[in-house]
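Protein chains in written order, with my numbering: chain A, -14 to 98; chain B, 983 to 1096.
Hints are computed from structural coordinates only; laboratory data are not their basis. Quick reminder that beta carbons are idealized off the backbone N, C-alpha and C, glycines included. The reader is advised that the hints may include incorrect statements.
As the list claims (entries may be wrong) - Each computed EDC-like pair below joins lysine to aspartate or glutamate, with the alpha-carbon atoms no more than 16 Å apart:
{"id": "1", "chain 1": "B", "residue 1": "Lys997", "chain 2": "B", "residue 2": "Asp1066"}
{"id": "2", "chain 1": "A", "residue 1": "Lys7", "chain 2": "A", "residue 2": "Glu43"}
{"id": "3", "chain 1": "A", "residue 1": "Lys23", "chain 2": "A", "residue 2": "Asp70"}
{"id": "4", "chain 1": "B", "residue 1": "Lys987", "chain 2": "A", "residue 2": "Glu52"}
{"id": "5", "chain 1": "A", "residue 1": "Lys4", "chain 2": "A", "residue 2": "Glu52"}
{"id": "6", "chain 1": "B", "residue 1": "Lys1024", "chain 2": "A", "residue 2": "Glu(-12)"}
Stated by the list, open to error - So, partial list: chain B residues that the calculated Cβ filter (under 8 Å) puts toward chain A:
{"id": "7", "residue": "Pro1016"}
{"id": "8", "residue": "Lys1024"}
{"id": "9", "residue": "Gly1025"}
{"id": "10", "residue": "Pro1026"}
{"id": "11", "residue": "Ala1027"}
{"id": "12", "residue": "Leu1028"}
{"id": "13", "residue": "Phe1071"}
{"id": "14", "residue": "Gly1075"}
{"id": "15", "residue": "Gly1080"}
{"id": "16", "residue": "Ala1081"}
{"id": "17", "residue": "Asn1082"}
{"id": "18", "residue": "Asn1083"}
{"id": "19", "residue": "Leu1084"}
{"id": "20", "residue": "Phe1086"}
{"id": "21", "residue": "Gly1087"}
{"id": "22", "residue": "Gly1089"}
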Amino acid sequence: DTEVTQTPKHLVMGMTNKKSLKCEQHMGHRAMYWYKQKAKKPPELMFVYSYEKLSINESVPSRFSPECPNSSLLNLHLHALQPEDSALYLCASSQDPVNYEQYFGPGTRLTVT
Amino acid sequence: QQQVKQSPQSLIVQKGGISIINCAYENTAFDYFPWYQQFPGKGPALLIAIRPDVSEKKEGRFTISFNKSAKQFSLHIMDSQPGDSATYFCAAGYRQTGANNLFFGTGTRLTVIP
Chain A
-14 DTEVTQTPKH LVMGMTNKKS LKCEQHMGHR AMYWYKQKAK KPPELMFVYS YEKLSINESV
46 PSRFSPECPN SSLLNLHLHA LQPEDSALYL CASSQDPVNY EQYFGPGTRL TVT
Chain B
983 QQQVKQSPQS LIVQKGGISI INCAYENTAF DYFPWYQQFP GKGPALLIAI RPDVSEKKEG
1043 RFTISFNKSA KQFSLHIMDS QPGDSATYFC AAGYRQTGAN NLFFGTGTRL TVIP
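So here's chain A without its partners, still in its complex pose:
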């Protein structure tokens, strides 16, 4: 099973809302990633978790808060977002932090109104 699942597929939220994105993998991978992708642009790395610990934060605003409850789950908590945060949010995983092969989920299409 090489699948990374993400829920929800689509999310519309107001600027005052609090919502969460969820990512799950059952491949036994120990590194998990959050990316942001704007239309017609490449994915941009936001966060990396290695062995359930936050190892990389690419200077992401605090209105994005990642969480890794266990080795299979990754959440992204959203609060007080701006319309420019509207994008496709992608989760990925790799076998471990030094393995380059990243498997991406289908993404959550987020619209901030």
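Since the structure of chain A is already known, use the hints to place chain B on it.
Chain B alone, transformed into the frame defined by chain A:
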């Protein structure tokens, strides 16, 4: 600063033709070069990857050519099919404290005409 430069931005190829997408980089610390395929509304999928000690890698209709001295690599899609129509991203990987990381190129939208 774009770490990986990709061209062309868009490409139209006839069915059965060869699609060629090029990427260039500057940082010699990069040591892994993958290509990802992305369909609309989907996440990128790893297509093929190469290490800098190899000049060519072929998997089915997909071939990566790598020129270490020129710091360039390219994706060749032989016998292109309409189902290959997608956006292709090259990337370059480097080791950093915490985790290995990937820099993505800007993407090429490939359209294969029946």
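Residue hint Pro1026(B), partner chain A, criterion CB-CB below 8 Å:
5 Å, holds
Quick check on Gly1075(B) please, does its C-beta sit within 8 Å of some C-beta on chain A?
Holds, because the Cβ-Cβ distance from Gly1075(B) to chain A comes to roughly 4 Å (cut-off 8 Å).
Is Lys23(A) within 16 Å of Asp70(A), Cα to Cα?
At roughly 9 Å apart (the allowed maximum being 16 Å), Asp70(A) and Lys23(A) satisfy the hint.
Check the hint pairing Lys4(A) with Glu52(A) against an upper bound of 16 Å on the C-alpha distance.
13 Å, holds
Hint check: Lys1024(B) vs Glu(-12)(A), CA-CA at most 16 Å. Holds or violated?
13 Å, holds
Mind checking the CB of Ala1081(B) against every CB in chain A and telling me if the closest is under 8 Å?
4 Å, holds
For a C-alpha distance cap of 16 Å, please report whether Lys987(B) and Glu52(A) respect it.
Answer violated: Lys987(B) to Glu52(A) is near 33 Å, above 16 Å.
Status of the hint placing Phe1071(B) at chain A (closest C-beta pair under 8 Å):
6 Å, holds
Per the CB criterion, is Asn1083(B) less than 8 Å away from chain A?
Constraint on Asn1083(B) satisfied, holds at 6 Å.
Hint validity - Pro1016(B) Cβ closer than 8 Å to any chain A Cβ:
Constraint on Pro1016(B) satisfied, holds at 7 Å.
Residue hint Ala1027(B), partner chain A, criterion CB-CB below 8 Å:
7 Å, holds
For Lys7(A) and Glu43(A), compute the direct alpha-carbon distance and say whether it is at most 16 Å.
20 Å, violated
When the structure is compared with the earlier hints, violations turn up for hints 2 and 4 and for no others.
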